[in-house]
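Enquirer: The primary structure of each chain is shown beneath.
There are 4 protein chains.
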Amino acid sequence: MAKTNRGCMYMGPHDVQVKDIPYPKLSLDSTSSPVASERQKRDCQHGVILKVVTTNICGSDQHMVRGRTSLPGGHMILGHEITGEVVEAGRDVEYVKVGDLCSVPFNIACGRCAACKRGDTGICLNTNPARAGAAYGYVDMGGWIGGQAEYVMVPYADFNLLKFPDKKKAMEKIRDLTLLSDIFPTGYHGAVSAGVQPGSTVYVAGAGPVGLACACSCQLLGASVVIVGDSNKERLAQAEAFGCKTINVRDSDDIQKQIAAIIGGAGEVDSAIDCVGFEAHGCGHDHSEQPAAVLNDCMKATRAGGKVGIPGLYVTEDPGAKEKAAKTGNLSVRLGLGWAKSLSFYTGQTPVMKYHNYLMMAILNDKIKIADAVNVKVIGLDEAPAAYKAFDQGAAVKYVIDPHNMTGLVGKAQESPLKKARK
Amino acid sequence: MAKTNRGCMYMGPHDVQVKDIPYPKLSLDSTSSPVASERQKRDCQHGVILKVVTTNICGSDQHMVRGRTSLPGGHMILGHEITGEVVEAGRDVEYVKVGDLCSVPFNIACGRCAACKRGDTGICLNTNPARAGAAYGYVDMGGWIGGQAEYVMVPYADFNLLKFPDKKKAMEKIRDLTLLSDIFPTGYHGAVSAGVQPGSTVYVAGAGPVGLACACSCQLLGASVVIVGDSNKERLAQAEAFGCKTINVRDSDDIQKQIAAIIGGAGEVDSAIDCVGFEAHGCGHDHSEQPAAVLNDCMKATRAGGKVGIPGLYVTEDPGAKEKAAKTGNLSVRLGLGWAKSLSFYTGQTPVMKYHNYLMMAILNDKIKIADAVNVKVIGLDEAPAAYKAFDQGAAVKYVIDPHNMTGLVGKAQESPLKKARK
Amino acid sequence: MAKTNRGCMYMGPHDVQVKDIPYPKLSLDSTSSPVASERQKRDCQHGVILKVVTTNICGSDQHMVRGRTSLPGGHMILGHEITGEVVEAGRDVEYVKVGDLCSVPFNIACGRCAACKRGDTGICLNTNPARAGAAYGYVDMGGWIGGQAEYVMVPYADFNLLKFPDKKKAMEKIRDLTLLSDIFPTGYHGAVSAGVQPGSTVYVAGAGPVGLACACSCQLLGASVVIVGDSNKERLAQAEAFGCKTINVRDSDDIQKQIAAIIGGAGEVDSAIDCVGFEAHGCGHDHSEQPAAVLNDCMKATRAGGKVGIPGLYVTEDPGAKEKAAKTGNLSVRLGLGWAKSLSFYTGQTPVMKYHNYLMMAILNDKIKIADAVNVKVIGLDEAPAAYKAFDQGAAVKYVIDPHNMTGLVGKAQESPLKKARK
Amino acid sequence: MAKTNRGCMYMGPHDVQVKDIPYPKLSLDSTSSPVASERQKRDCQHGVILKVVTTNICGSDQHMVRGRTSLPGGHMILGHEITGEVVEAGRDVEYVKVGDLCSVPFNIACGRCAACKRGDTGICLNTNPARAGAAYGYVDMGGWIGGQAEYVMVPYADFNLLKFPDKKKAMEKIRDLTLLSDIFPTGYHGAVSAGVQPGSTVYVAGAGPVGLACACSCQLLGASVVIVGDSNKERLAQAEAFGCKTINVRDSDDIQKQIAAIIGGAGEVDSAIDCVGFEAHGCGHDHSEQPAAVLNDCMKATRAGGKVGIPGLYVTEDPGAKEKAAKTGNLSVRLGLGWAKSLSFYTGQTPVMKYHNYLMMAILNDKIKIADAVNVKVIGLDEAPAAYKAFDQGAAVKYVIDPHNMTGLVGKAQESPLKKARK
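Heads up: the sequence lines are chains A, B, C and D, in that order.
Take the first sequence: its position 386, counted from the start at 1, is 414 in the numbering used here, and no numbers get skipped.
Take the second sequence: its position 349, counted from the start at 1, is 377 in the numbering used here, and no numbers get skipped.
Take the third sequence: its position 53, counted from the start at 1, is 81 in the numbering used here, and no numbers get skipped.
Take the fourth sequence: its position 280, counted from the start at 1, is 308 in the numbering used here, and no numbers get skipped.
What the hints contain is simulated information worked out from the structure, not anything from laboratory work.
Do not rely on the hints blindly, as some may be mistaken.
One copy or two, either will do: identical chains are not told apart, so a pair holds if it fits within one copy or between any two.
[Unchecked claim] Subject to a maximum C-alpha distance of 20 Å in a straight line, what follows is the list of computed SDA-like cross-link-like pairs (lysine to any residue):
#	residue 1	residue 2
1	K335	G223
2	K31	G312
3	K195	K440
4	K285	A158
5	K191	C141
6	K125	R67
7	K191	R278
8	K191	G293
9	K285	K350
Sequences are here, hints too, so could you generate the full structure?
Expert: Right under this line is the structure:
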C-alpha cells in the first residue's frame with residue numbers, strides 16, 4: 029500500500045493550508061524537496077524517517093507567514109520543531125533504532141564539519157550551501173522539508189537525534205519534551221549567554237513563547253528576580269503565573285524607572301535577554317515599528333559589565349521593513365551606551381544540541397514545568413491553519429500539533445494549566 | 029566604662045570553654061592576639077570592630093577541637109563564620125559605616141595582592157606570613173582572633189565585608205544569611221567547581237553541614253538528581269527532607285551499584301563533590317579511617333569527562349593519622365582510575381567573595397531555604413561548649429551562636445523546620 | 029622649598045599647552061583638582077605621589093584635543109598613561125613603598141566595590157560619581173588630574189599600582205614597560221575578547237598605536253595570520269615591519285575580497301578587532317565619516333561563530349558627529365549580518381589590571397617587542413604640544429613624554445627601531 | 029593483483045618485528061583484527077583506507093613494548109600516530125575524498141555519542157566496548173589495528189580526519205604535520221589545561237617527545253619562562269636548544285630551590301605539566317621508581333591557585349610496578365599539599381580534535397618549529413624495531429616511520445636540525 033503524508037504548506041501571506049504531500053525519502057533533491065536545488069542534492073542513508081508525534085508552531089514561522097521574507101507560496105512545508113518515532117532508518121545509521129522516540133533539534137547539522145565539531149551546530153557548514161546553518165521548513169535554510177506533517181525525514185540521524193531513554197515515561201511528559209526541539213533550548217541559550225546564574229537579576233524582553241521559555245529557564249538557572257517586559261497583557265499575566273515580575277512597556281519609555289520600581293537602585297539588572305528581535309516596536313507613547321528598540325532597551329536595562337543575550341531573530345534583509353535602512357538590515361543601535369557600560373552581546377541561532385540532553389533530564393526529574401510556563405495547547409493537524417492565525421493575533425499559547433493524536437489530547441478541552449492552578 | 033568581651037577558647041582536645049577576653053583593637057600583634065607573632069604585626073585602621081550577631085560552629089573547627097592539629101590549648105579564640113554589626117570603623121575605612129549589618133567571609137584577604145586581584149581571596153598573599161590564605165580563629169592561618177565571641181575585629185573591612193542592603197529584612201532571614209560566611213559558599217563552590225548545571229546528576233559525599241549546603245546548592249544550580257552519601261542515618265534523613273536521594277555508604281562497598289539503583293545505567297553521575305576530606309572512613313564492611321576513601325569513591329562515581337570538586341579539607345600534616353604515610357599528608361589515591369576517565373579535580377579553601385553577594389540575593393528572594401536544609405539551631409554563647417560536643421557526636425544540626433540574643437531565638441524551642449514541615 | 033609641578037593642559041580645540049600647575053596632594057577636591065566637584069571629594073591617604081618617569085600621548089586624548097567632547101578649555105591636565113616612581117605614600121598605604129617604580133593602569137579603581145572585586149576595574153563603581161569607570165585626565169571620568177606632568181597623585185595605590193620587580197632592569201626596558209598603562213593591555217584585551225589563540229587568523233581594524241599593539245598582541249597569543257587594515261600607508265608599513273599582512277581599506281569596499289587575497293577561502297577570519305571606534309570612515313570610494321563603518325566591516329570579515337573585540341571607543345554623545353543620529357550615539361549597525369553569523373561582541377574600557385603583570389613578564393623575558401611594534405619615540409614635556417599635532421596628522425609614532433629625562437633619551441636622535449632593523 | 033601490507037607487531041617484551049599483515053578492510057571484527065572481539069564487531073562503511081605517509085613511535089607504545097601491560101605478543105600491530113593519503117573511501121563517507129592527505133587523531137571517535145558531541149573525543153562512548161575511549165594499535169583501547177604499517181583503516185573518517193588544505197605545501201612540512209596526530213596536541217593540551225598564557229612561568233616535567241612538544245607549545249602560547257626538568261642530559265640539551273631553561277632532577281631533591289635559581293622568589297611557577305606519568309622516578313639521591321614522584325614535584329613547583337596539567341599516562345593497573353599499591357593503580361599522592369595551595373588537576377587522553385586544525389595553521393604559517401623541537405628523524409619501516417630500542421634507551425629523538433619513503437628522507441643523513449642551527 030502506498031504510504032501517504034500530509035503537511036502544513038505556506039501558500040502566501042497569512043495563508044497556511046494542510047496539503048497532501050509525498051511520503052519522505054532518504055534523500056534531498058528536487059524530487060524529494062520542491063525547494064531543494066541541485067547544489068543541495070545528497071543521498072541521506074545517514075537519515076531516518078520519523079512518524080511525527082508532536083510538532084510546534086514557532087514565532088519565527090510567523091515571519092514567513094506574515095510575508096516578511098522572500099519565500100514564495102505553494103512550495104514550503106513549514107515546521108522545524110519536531111518530536112517523533114523512528115519508522116525507518118537509513119543503511120548507514122548505526123545507533124538510532126526503529127522504534128526510538130526522539131527529539132529533533134531544529135538545527136540540521138552534519139556532525140562532520142569544523143563548526144559541528146566545535147559544538148556550533150547552529151552554523152553547520154555542510155547542510156546549507158547558501159550560508160552557515162540549516163533548518164527544517166524554513167526559507168533560505170537549506171531546502172529541507174518541514175515537519176508540521178505526519179512524517180518527516182531527519183538527516184545525519186545518529187548525530188542529530190536525542191533519544192528519550194524511556195518511551196512510556198516520555199509520552200507522559202510529551203507536552204514538555206516537545207519543547208526541547210527549539211524554544212526551551214533557545215530561551216535557555218539566551219539566558220546562559222547573558223550570564224544568568226544563581227542570584228542574578230534578569231530582564232527578559234518579550235513574553236511570547238521564547239520569552240516565557242527564557243524566563244522559566246532563568247528560574248531553572250537560579251535567578252533571584254526575573255522581570256518580563258511586553259505590551260500584551262495576556263502574555264504578561266502568563267509570565268506572572270509562574271512567578272515572574274512584569275513590565276508593560278507601553279506604560280513608560282523609561283525602562284530603568286520601571287525596573288527600579290521592582291528591584292530598587294538604578295533600575296539595572298545583571299543580565300538582559302532580547303527575545304523579540306527585528307519585529308520590535310517602540311515603548312511608551314511611540315509604539316511604531318522600531319527594529320532596534322528592544323535591543324536599545326536591553327542595553328539601558330543592563331548594569332555595567334553585564335551581558336545581553338540576543339536569541340530574538342535579526343535578519344540580513346527585511347523587505348517589509350518600515351525604515352529604509354532596516355530593509356538592508358541596518359539598525360539604529362545605541363552602541364555608545366553599550367560601550368560605556370562594557371557590555372557584551374551574543375547573537376545567533378541556538379545550537380540546540382549543546383543543551384537538549386541536560387534540559388531533558390531537568391524535565392524528566394520535575395525540575396521545570398516548561399509546558400505550563402509557555403501554556404502548551406495540543407491540536408490536530410487540521411487545526412494548524414487556525415492556530416497560526418490565533419498566534420499571530422497574540423494568543424498567549426504555544427500550539428503543539430499532534431498529527432496522529434498519539435497524545436490523546438487532540439480535540440479535548442485543555443484548560444490552561446496555570447488557570448487551573450490559580451483556581 | 030571599660031568594654032568587655034567573651035569568647036570560645038580552645039583549651040585542649042575536646043575542651044572548649046567560654047572565657048573573658050580582651051575587647052578587640054584595630055591592630056594585630058602580640059598584645060591584641062595571643063597567637064600573633066612579630067611577623068604578623070600590623071596596624072588595622074582599615075578594619076572595623078563588629079558586634080557579633082551570629083557566629084557558627086564549623087566542621088573544620090572540630091579538626092582542632094578533636095586534637096588533630098598542632099594547636100596548643102589556652103590561646104586561640106575559635107570561630108571563622110561571623111555575621112555582625114559595625115560598631116567602630118578605622119580611620120581608613122571609606123565605604124562601610126557604623127551601623128551596617130554585614131557578613132564576614134571566613135577568608136581574611138587584603139584586597140591588594142595578586143591573588144586577591146584575581147579573586148582568589150582564599151589564598152591571599154599578605155594576611156598570613158606563613159603561607160597563602162588566612163582565616164579567623166584557626167591554627168596556622170595567620171594568628172587572627174576568632175569570632176565566636178561578643179565582639180571581633182575584621183581587617184580590610186571595605187574589601188572583606190558584604191553589607192546587607194536592608195537591615196530589618198536581613199534580620200528576618202538571619203538564620204539563612206549567617207551561612208554566607210562559609211558553608212553556603214563552600215558547598216556552592218564545590219558544586220560549581222564540579223561543573224553542576226541545570227540537569228546534572230550529582231553525587232555529594234558527606235551529609236554534614238557542608239555536604240547538606242552543597243546538596244542544596246546543587247538544587248539551586250538546577251541539578252536534576254542530587255544523591256548524598258553518608259553513614260549517619262539522621263543526617264541522611266535530613267538530606268532526604270529537602271528532596272535529595274541518599275546512599276548509606278555502610279551498606280555496600282560498590283558505590284556505582286548504589287548509584288545505579290537510583291539513576292540506572294552504569295551508576296555514574298556528571299559531577300561529584302567530596303565534602304568529607306581527610307578524616308574519611310572506608311565504606312562497606314571496612315569503615316576504618318582511610319583518608320583517601322571518599323576521594324576514591326568520588327572518582328568511581330563520576331562519569332568519564334566529569335569533574336570532582338573537593339571542598340572537604342585535606343591537610344599537609346596530620347599527626348593523629350592512623351596510616352604512617354598519612355601523617356605527612358601522603359594519601360593512597362587511585363589516580364589511574366581518574367586518569368582513565370579524564371577527570372579533573374578542584375581543591376582548596378573557597379574564595380567566599382566570589383559568591384556571597386549572588387547567594388545573598390538568592391536568599392533574600394526566597395530562591396533557597398539553606399537554613400532549613402542544614403537544620404540551623406540558634407544558641408547562646410554559653411551553650412557553645414555543649415554544642416561542640418553534640419556536633420562531634422554527629423548531630424544533624426548546624427549550631428549558630430548568637431552571643432547577644434539579637435535574634436531573640438536563644439533559649440527558645442526551635443523545632444527542626446523540616447520536622448515541622450513533615451507534620 | 030616649595031614643590032613645583034608642570035603639566036599639559038587642554039586649552040581648547042587643537043590647543044595643548046605646558047603650564048605650571050600645583051604639586052599633587054593626597055586628596056581629591058576642588059582645591060586639588062580644578063575639575064573635581066563636591067561629589068567627587070575624598071581624602072586620599074590610600075594614595076601615593078609619583079614622580080612621573082614616562083607618560084604617553086594616547087589616541088583617546090585626541091578625541092578631547094580635536095574638540096569632539098564637551099570638555100571646556102583651561103582646566104584639565106591631560107594624560108592617563110603613566111609610569112612613575114613613588115616619592116610619597118599616604119598613611120593607609122601598606123605594601124607600596126617610596127622608591128618603588130610602578131606602572132599605573134589608566135583605570136582608577138577603588139578595589140572595594142562589586143565591580144573591582146570581579147576584576148572589572150574599568151567600571152569601578154566608587155571612583156566616578158557620574159557613571160561606572162574613572163581615569164586620569166579625561167572628561168567625564170571622575171575629575172582626577174592627568175599625568176602628563178612632572179608629578180601626579182595615584183589613589184588606592186596598593187590596589188592600582190604594578191611594581192616592577194627590578195628597578196634597574198625595568199629602566200632598561202622602560203620604552204616597552206611604559207605601554208603597560210594602557211595600549212598594550214588595551215590591544216591585548218581586544219585580542220583576548222575576540223578569542224585569538226594559537227593558530228587563529230585575525231583581522232585588526234586600525235593601525236594606530238592601539239591597532240599595532242593589538243596586532244603585536246595577536247602574535248604573542250600565537251595567531252597564525254594577522255591582517256591589519258588602515259588607510260594610512262606609513263602606519264601600514266609599520267604593521268608590515270613586524271610581520272603583519274596589511275590591507276589598505278581605501279583600495280576596495282569589499283573587505284572579504286581583500287582578506288581572501290591573503291588567506292584564501294571566503295575571506296573570513298576567526299577573530300576581528302575594531303581598534304578604531306566611532307571616528308570611523310567608510311572604505312573604498314566613500315571615505316566620509318561613517319561611525320559604524322569599521323564595526324560593520326569587522327562583521328563581514330569574521331567567520332560564522334567568531335568573535336568581535338571592540339576596544340575602539342564608542343561614545344554616548346558625539347556633538348561633533350556628521351550624522352544626526354550619531355550625535356546621540358545611534359549608529360547604523362548591520363546587526364542582522366552579525367546575527368546570521370552567530371557573532372558575539374565585546375565592548376568597553378579595558379580592565380588593565382587583569383593583564384598587566386603577565387604582560388610585564390612577557391616584556392621582561394623578551395617574548396615581545398611592543399615598543400618597536402608601535403614605534404615609541406621618547407620626548408620631553410615641552411615637546412608634547414608639537415607631538416599632539418604630529419600624532420593628529422597621522423604620524424606612525426607612539427609619543428612617550430619623559431618629563432625629567434630619566435631615560436636619557438630626550439632630545440636624542442631615535443631612529444625608528446624598525447627602520448634600523450631593516451637596514 | 030592482491031593488495032599486500034606490512035606492519036610493526038608486538039611479539040613480546042622488548043620485541044617488535046615487521047610482519048606481513050592483511051590489507052585493511054572497511055570493517056572491524058575478528059577476521060579483520062586479530063584482537064577485536066565479537067562485541068567490537070562493526071561494519072565500517074564510514075571509514076577509509078589510508079596509504080600511510082608517516083607514522084610515529086610514541087612513548088606510550090613503550091609501555092607495551094617494555095611489557096608493562098597485559099598485552100600478549102603476536103597479535104597487535106602497533107601505532108596510533110598516523111598521517112596518510114586516502115586510497116579508498118566507504119559508502120557513507122561524504123566529505124573526505126580519495127587523494128586527500130590527512131592527519132589522523134590517535135583517538136578513535138564516533139562523532140555521534142554524548143562525549144563526542146561535547147568535544148571529548150578522547151572518551152568516545154561507542155568505539156570501545158570495554159571503557160570510554162579508543163585508539164589504534166593499543167592494548168585495551170577497542171581492538172583497532174595500529175598504523176605503523178603501509179596501510180591502515182580509519183573509521184568514521186568524515187569526523188576523524190583533518191584534511192591538509194594544500195597537499196604540496198603539506199608535504200614540505202610533513203615532518204611537523206606528522207606530529208598533529210598525537211604529541212603536539214597532547215603537549216599543547218597539557219599546557220592549555222594548566223592555564224599557560226602569555227607571560228606565564230611554567231614547569232614541564234619530562235623532556236621526552238611529549239615534554240618537549242609541551243615546552244614548545246608553552247612558547248607558542250606566549251609563556252615568559254619555560255623550565256623543563258629531566259635526568260637525561262641529551263634531552264635537556266634538546267630543550268635548551270629551543271630556548272627553554274632546564275633542571276636536572278638528579279641534582280637535587282628540592283625542586284623549589286632549583287626553580288628559584290632560575291626565576292627567583294619562592295621557586296614556584298604559574299603552571300606545571302606532568303609529561304612523565306606513572307613510570308616516574310624519584311629525584312635527588314633516591315631515583316628509584318616512585319609512581320607519584322613527578323606529580324608530587326609538580327604540586328611543589330606550582331604557586332597557590334595554579335593548575336597542574338597531567339598528559340602523562342597513569343594506569344588503572346600496573347602489574348609490573350615495584351610498589352604493591354601501585355600494581356592496582358594506588359599512588360602515594362601529597363594531596364594535602366595541593367589542597368593547601370588550592371590547586372586544580374587535569375587528567376586524561378587529549379581530545380586531539382579540539383586542537384589539531386588550529387595547530388596545523390600555526391605550523392603552515394611558520395609560527396612554530398615543532399619537528400625541530402622534538403628532533404624528528406624519519407626512518408623506513410624496517411628500521412622501526414631498532415628505533416624502538418634506541419628510544420627506550422633514551423635517545424633524544426622522535427622517530428617517524430615513512431613506510432613508502434614518500435618524504436624521500438628515509439636512509440638519508442638527517443643531522444639534528446638544532447645541531448645544525450648551532451653550527
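Enquirer: Does the structure break any of the earlier hints, and which numbers would those be?
Expert: 2, 3, 7 and 9
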